[in-house]
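Following the hints, position chain B with the ligands against chain A.
In order, the protein sequence lines correspond to chains A and B. Last residue of the first sequence: number 440 in numbering that gives the first Met the number 0, and the count goes up by one each step with no gaps. Last residue of the second sequence: number 440 in numbering that gives the first Met the number 0, and the count goes up by one each step with no gaps.
No wet-lab data here; the hints were simulated from the structure. It cannot be assumed that every hint is accurate.
Which copy is meant is left open, so a pair is good if it fits within one copy or across any two.
[What the hints assert, rightly or not] Only pairs whose alpha carbons sit at most 35 Å apart, straight line, appear in this in silico DSBU-like list of lysine-lysine:
1) Lys-60 <-> Lys-338
2) Lys-338 <-> Lys-5
3) Lys-241 <-> Lys-60
4) Lys-341 <-> Lys-5
5) Lys-338 <-> Lys-376
Treat the numbers as computed from the prediction; the structure is a model and nothing was measured.
2 protein chains.
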Amino acid sequence: MTDSQKPIGVAVLGFGNVGSQVVRIIEQSADDLAARIGAPLVLRGVGVRRVADDRGISIDKLTDNIEELVSRDDVDIVVELMGPVEPARKAILAALEQGKSVVTANKALMAVSTGELAQAAENARVDLYFEASVAGAIPVIRPLTQSLAGDSVVRVAGIVNGTTNYILSEMDSTGADYASALADASALGYAEADPTADVEGYDAAAKAAILASIAFHTRVSSNDVYREGITKVSSVDFESAKALGCTIKLLAICERLTSDEGQQRVSARVYPALVPLDHPLAAVNGAFNAVVVEAEAAGRLMFYGQGAGGAPTASAVMGDLVMAARNRVQGGRGPRESKYAKLPIAPIGFIPTRYYVNMDVADRTGVLSAVAAEFGKRDVSIAEVRQEGMVDEGGQRRGARIVVVTHQATDAALSETVSALADLDVVQSINSVLRMEGTTE
Amino acid sequence: MTDSQKPIGVAVLGFGNVGSQVVRIIEQSADDLAARIGAPLVLRGVGVRRVADDRGISIDKLTDNIEELVSRDDVDIVVELMGPVEPARKAILAALEQGKSVVTANKALMAVSTGELAQAAENARVDLYFEASVAGAIPVIRPLTQSLAGDSVVRVAGIVNGTTNYILSEMDSTGADYASALADASALGYAEADPTADVEGYDAAAKAAILASIAFHTRVSSNDVYREGITKVSSVDFESAKALGCTIKLLAICERLTSDEGQQRVSARVYPALVPLDHPLAAVNGAFNAVVVEAEAAGRLMFYGQGAGGAPTASAVMGDLVMAARNRVQGGRGPRESKYAKLPIAPIGFIPTRYYVNMDVADRTGVLSAVAAEFGKRDVSIAEVRQEGMVDEGGQRRGARIVVVTHQATDAALSETVSALADLDVVQSINSVLRMEGTTE
Ligand SMILES: NC(=O)c1ccc[n+]([C@@H]2O[C@H](COP(=O)([O-])OP(=O)(O)OC[C@H]3O[C@@H](n4cnc5c(N)ncnc54)[C@H](OP(=O)(O)O)[C@@H]3O)[C@@H](O)[C@H]2O)c1
Ligand SMILES: NC(=O)c1ccc[n+]([C@@H]2O[C@H](COP(=O)([O-])OP(=O)(O)OC[C@H]3O[C@@H](n4cnc5c(N)ncnc54)[C@H](OP(=O)(O)O)[C@@H]3O)[C@@H](O)[C@H]2O)c1
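Isolated chain A (complex conformation):
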């Protein structure tokens, strides 16, 4: 061990939910951390927006001059916990260019700028770690980049957003509709004042991009991710889900697809999906996260834990920080993957999946055959049809509700079928359409 006594200087940018916990651990666990790193870890400063704010706890070293803090000669590692894309990007680039290693929890940034930031880290020969950017406390980045480095990952499917999982779990267990489950989540602090990033799937899409990049050794950005949120999921969907032995989860799915000609493509997508109750993701409730990884040799692995919150996220940040510090003490930086492919992105229409379609139809003979014909025309085979009861209007029987679950077909064939159904005279309304996870029949 070289220079084992020279301390490692750390700047923490951000003193919010995560930053304050990171600072607490650096201070309270100083001895343990020094033993694990081989040198003391010394906090040089904490960057915030408003130095004068009353934060309820005493903290010196606060500064709003991020640029100056990052540039200090005695700062070796910069921990970025401000979010969102800017000013984080600028601060991280400055840190890397000045030869400092960087740890960040910023998924929004890592999902758009991985290539640029990785290149800057490569040029400066320093570490850039971002374990906390996906699934909070749960180790997923390091298992994917290291433990599975000699295997071939085929698919990653995860529940990576706690807010939407809380809402969907609530709808499932109480029968609540979306609006009241969202209101509950907000009241309990599980949803932010503006929940758009969560409920429209943007947060999950950023994580899907990061997961796809590292799982498939290629560059995938947020914009490459097909995305549907949970705002249209209804209590009727949950009733149908139950009847089908399923629940509904917002999934981030990354897949490596090989065409008949051997061409590799990558798919990254986020949508609410029916999940059979015996699937390991079905039991992941509330604010918990889980990521299922399927690899050729390893088979199916699952990683489960708290996906957000100040302390759990700080745990992942601290793991990265100790590793970056240990690398500095022991000779520079950690081993990393330097060759990234640029595999093409498979459009959603190309993806084989299964659909659940819930529709109201006229109550007359021949309806079912007209409906079935639309599936048949596009080579979509039907796995299950359920008539879920009559639709009444003012005491008048008006029609029937039909739920169809298909076998696997391409998303394009399935969505064309749904469009065609909507145009049929006998179909009064398409109430909802969801994809189904976990079985390939």
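Below, chain B with the ligands without anything else, positioned relative to chain A:
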């Protein structure tokens, strides 16, 4: 990247379940591996006992001269997949002393010789990786040593032996007794001809020692692990477990305990335990493994997957091999923890736990109070008492069966209570005693 074209030479020792899969992946994924490592990975030789054996597949490079293979100048990394302790230990030490990095799946060895081997790796400044030694394909070593390096692990509890988990799952779901479940497991290839290492808990104890060492940054060996196997678990226990809303699992538990005076101690233990059905480990069935880690900041994490088998274990070996090779290409070896504590081992009597006691008693008044008095004398409080029916003998009512579940007390107080109960006149037999996991009431 330095020397990116110089190949990394690999010797694989052992061509059995795991070794043959490792060789297959090295050969079939050569291009991918080279891209991820930054240099080609070249197999120099495969060590076996009997070169002449017909192995069903064509493999050149076989040799029974392990010493010579390990010493080859063009071998940079030795992958040891022979087991058991010897000749593996000798081969690994020779490799390390000659400056070769080592990857092994050998839990029996790693649980007794960690200190010696780690020191040899430290002296030679090379890597010694052993992810596959615990829980097969499931990444646990790397998450514990790296992802959680900045957190404080409090407890690890895992199902880490597939054979015993298969037998217990079978007993639970079919009501089979131990002997016939073991026979089934053997017939299906889940249990070896001599199942002692599995059913008596030796294999799980080795893994507990490894987990405790890395989770608590201290040296724990197999001999430090308290161990009970599953041979005495009966179908009656499973009936009682069901009545209590539990199942029974063989658990490997590692705990960090702090005495009132602030003295840190470590406990590592293996025994069959009642696990409440809502505990995440209760649903881990068949040959699957899972490890639950509790850390101060992260909270509870779970890692789940295939804990054994040639291909899954090879996945973990390959991850280590790629990392060791990447380290060689990029500058020597990976970062590691170099300071290990030597925390004292807490004896089993010291451990707070809960007991389930199943006994037959005389069917007369005052029995329950005599039984309860023995618990009370040792300050053990009773959580639940169930009378599970009368015990008949030849049509004659002979006594009653009583099941007691305690609140938490020290293992010493609990086991003394059981001894005292056995001495009571009114107690006809103690049928079984199991500890209970997962609740601390
Ligand atoms: N919270 C979680 O559970 C979680 C989980 C995973 C990842 N993350 C990521 O972690 C990061 C931090 O999240 P958080 O929840 O801790 O955020 P937060 O509570 O809103 O805290 C943000 C902190 O950054 C500071 N900051 C913001 N903009 C700044 C600027 N322009 N200049 C200087 N300081 C600035 C704020 O200063 P003031 O205190 O002066 O306002 C505040 O201390 C985000 O990237 C987030 O996506 C969070
Ligand atoms: N199997 C699993 O699921 C699993 C899971 C985790 C860890 N592990 C560990 O991985 C290691 C290998 O397990 P395995 O199941 O692959 O064992 P295996 O099928 O019994 O194969 C052992 C191999 O090692 C060779 N070998 C044994 N003793 C030798 C000696 N003295 N000199 C030279 N070669 C020798 C054997 O040669 P021959 O072919 O000539 O007999 C055979 O090729 C063990 O340490 C085990 O604990 C196994």
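We went through each hint and held it up to the structure:
no. : hint                : in the structure
1   : Lys-60 <-> Lys-338  : between (39 Å within a copy, 31 Å between copies)
2   : Lys-338 <-> Lys-5   : both (33 Å within a copy, 17 Å between copies)
3   : Lys-241 <-> Lys-60  : neither (54 Å within a copy, 57 Å between copies)
4   : Lys-341 <-> Lys-5   : between (41 Å within a copy, 25 Å between copies)
5   : Lys-338 <-> Lys-376 : neither (45 Å within a copy, 68 Å between copies)
Hint compliance for this structure: hints 3, 5 are broken, all remaining hints hold.
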